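Trainee: Protein sequences, first through last, are from chains E and H. For the first sequence, the tail end lands on 1109 under our numbering, and the numbers increase by one without skipping. For the second sequence, the tail end lands on 1109 under our numbering, and the numbers increase by one without skipping.
Calculated directly from the structure, the hints in this document are not laboratory data. As the structure is a computational prediction, the values presented were derived from the model and not from experiment. Heads up, some of the hints might be wrong.
Any copy will do: because identical chains look the same in the list, a pair fits if it lies in one copy or spans two.
What the hints assert, rightly or not - Each computed DSSO-like pair below joins lysine-lysine, with the alpha-carbon atoms no more than 30 Å apart:
#: 1; residue 1: Lys988; residue 2: Lys752
#: 2; residue 1: Lys903; residue 2: Lys706
#: 3; residue 1: Lys791; residue 2: Lys1049
#: 4; residue 1: Lys703; residue 2: Lys903
#: 5; residue 1: Lys703; residue 2: Lys714
#: 6; residue 1: Lys1023; residue 2: Lys861
#: 7; residue 1: Lys903; residue 2: Lys755
#: 8; residue 1: Lys771; residue 2: Lys1003
#: 9; residue 1: Lys771; residue 2: Lys703
Protein chains: 2
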Amino acid sequence: MTTMIELGKRAKEASVELGKLSAEVKNIALQAMADALEKNEDEIVSANLRDVAAVKSKGVKPALLDRLILDNSRITKMARSLREIATLPDPIGQIVKTWTRPNGLIIGQIRVPLGVIGMIYESRPDVTSDASGICLKSGNAVILRGGSDAINSNTVLAEVLNEAAVKAGAPKAAIQVVRTTDREAVNELMRMRRYVDVLIPRGGLDLIKSVVENSRVPVIETGIGNCHIYVEEDADLQEAIPIILNAKCQRPGTCNAVEKLLVNQNIAEIFIPTIVRSLRESDVEVRGCSQTVKLVRDIALISDEEWYKEYLDLVISIKIVSDLGEAIKHINQYGSHHTDAILTRDFSKALRFIKEIDSAAVNWNASTRFTDGNQYGLGAEIGISTQKIHARGPMSIEHLTTMKYFVLGRGHLRQ
Amino acid sequence: MTTMIELGKRAKEASVELGKLSAEVKNIALQAMADALEKNEDEIVSANLRDVAAVKSKGVKPALLDRLILDNSRITKMARSLREIATLPDPIGQIVKTWTRPNGLIIGQIRVPLGVIGMIYESRPDVTSDASGICLKSGNAVILRGGSDAINSNTVLAEVLNEAAVKAGAPKAAIQVVRTTDREAVNELMRMRRYVDVLIPRGGLDLIKSVVENSRVPVIETGIGNCHIYVEEDADLQEAIPIILNAKCQRPGTCNAVEKLLVNQNIAEIFIPTIVRSLRESDVEVRGCSQTVKLVRDIALISDEEWYKEYLDLVISIKIVSDLGEAIKHINQYGSHHTDAILTRDFSKALRFIKEIDSAAVNWNASTRFTDGNQYGLGAEIGISTQKIHARGPMSIEHLTTMKYFVLGRGHLRQ
């Protein structure tokens, strides 16, 4: 059994070689990885069936089971993602800027990989393939630690992907998977500052909280989404209804789905009954504040605590607020700093909302569901950061890089 | 006594207001802060004298005592720094980029403050003033926790600075200082994720290690500097000598002073005796590897462990390496990823060094002492980051900001 330290050492060594690979070799490797997924479909599916059987015997929810399953169409999709990553520009080696100092010293910044990335995630095995591709393209070695439910799928996937990458010229330990489901392995990973440059946790609140609180390796926090839409009194209410329905129903289990609706008090009486009807027609359960429950029948009153909650389900809670200022204050206090939207016709109100809402993405007259690397046109996405340092919002290949300064002198001395 | 949680809450509230301040108000506040330092010089000096007396009675080294002392010339310098910060451009509110998606959605990034910054630092009280100025200019609230040796100086400085800033229009808790020297206060600060957005430790290895290992708040690690100069066989040896002397002697107690000298074996016999003579003439103690000690008399052989060490003193160790590859490997293994330099005439060798050395700053034919915000022309500097995420190398005002995405739609729905 490979120890975690060995895994880390190998990844660090591999990262040195990965940092030197040309875009051409990396793109050939990505194509080869995509081909390998398709060629080894039977092996992948059979490993996945073992995971699915084990999970079924535990009797989990259908939604969880669905996330775990790898079939022909999902494998095709994973392969397509890898081929798309191959077509994206290579950020490594890019001279970001240069300037010359009065003493003639030329100073610049060059983009380089982070080094070794640790991914800690839950059941979705397609993360294994996406993360491998994005890390390889950005010149980083990756250590993958998926959920224990997907251990067989992830092990086979990582083997297939790494073998293909190595054949195309990548170093031996470019893509490694933690082969044990022992929790101690995660604890070790979180202490390996010497070998791991950054940890990215992806999954539920408990997983992220545990990594953020226990890791000594720098973490990029990918967040939960308690997203809001605020309807200002001058909003186009005809436009508001489809935006709210889209944000809530287009895919309710995602972090950028809307969970809370704030409505200006001056339009509450006309707008709330209408939107509640539309939401209920789309099978959404509506809850609300003490004022909202007085306006429409059968709306459950929620507790203060629930304003912090991410439902990830066909549920929404409505709050009536006195004005834009109260909406901003409420969102900054109870929100999760992911995505929040304002619906208004007024530019100055929108600008105030954009400036004062302390979230990764702030939308004006658009669904919250747009917070996504592909929707933004960033190409592949490795997660959505809700922290402020390093990267905020959808993270693409470029966010897995850093810069270093270079200083070009001709015998320059500091005075 | 204000609790740490109260300090945090007030800072968070202040940060909302600070984020909205115009550049004009911030610059007036900075000018007022500079004036206030000069006007309250007597009070500051007398608080500082209490600190100095307490430290003297403990019998510390003169170098440490020197860092603590605030006299007229240092207060003038602190005031000048604040006035310089006032002249720098305001990064807040800058639209960094925008682009339009095929569906007409306009997406962009706008620069905003981080929020609340916690500074944990050792004795130098000028950090109190510099950090206050840089945080204010970047729209952040700051919680200052200086060394216990400087508690009286820091408390008075923060009071004087905050009072001036508030009079000019800053919110009440823009600049706060932790008034207790109790270690538990630091532990609390490191757990206050809800109120503190980032912690910046500045000081010795133990302080930084303790913050990095124990903080739950994201940390920007400012580093120790075990800096290297590698002399390639084709280097201009006449140019090499002043560069090495400058890097070692210009200010040996700083993190960007050179600590290790690597010399290509093909020039070792001619170059090492010469450089040792020059170094000794400048009172530098020279140590070395097993090959170096054979070349020159009275050079102490160092242990493997010592290659990791930062001297911060007039000491340097020399190692003979077989080629550029060995030099790169040695630096990446034993260095502290701060600043490393190559002396060579060959562009391709320099480029390889720049690309493969895993450090914040990589210099070609220039002294390591240039790694500094002012030397780079970045204006004020809050520290030198040796970590890879968020900021790497000298950190200026811009590095205390983050960006958020804004999405401008006209009823856009996700398909």
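Trainee: The structure should be examined with respect to each hint, and the outcome stated for every one.
Mentor: Going through the hints against the structure:
no., hint, result
1, Lys988 / Lys752, "neither (43 Å within a copy, 70 Å between copies)"
2, Lys903 / Lys706, "both (26 Å within a copy, 21 Å between copies)"
3, Lys791 / Lys1049, "both (28 Å within a copy, 15 Å between copies)"
4, Lys703 / Lys903, "both (27 Å within a copy, 21 Å between copies)"
5, Lys703 / Lys714, "within (18 Å within a copy, 47 Å between copies)"
6, Lys1023 / Lys861, "between (55 Å within a copy, 25 Å between copies)"
7, Lys903 / Lys755, "within (23 Å within a copy, 44 Å between copies)"
8, Lys771 / Lys1003, "neither (32 Å within a copy, 50 Å between copies)"
9, Lys771 / Lys703, "neither (32 Å within a copy, 47 Å between copies)"
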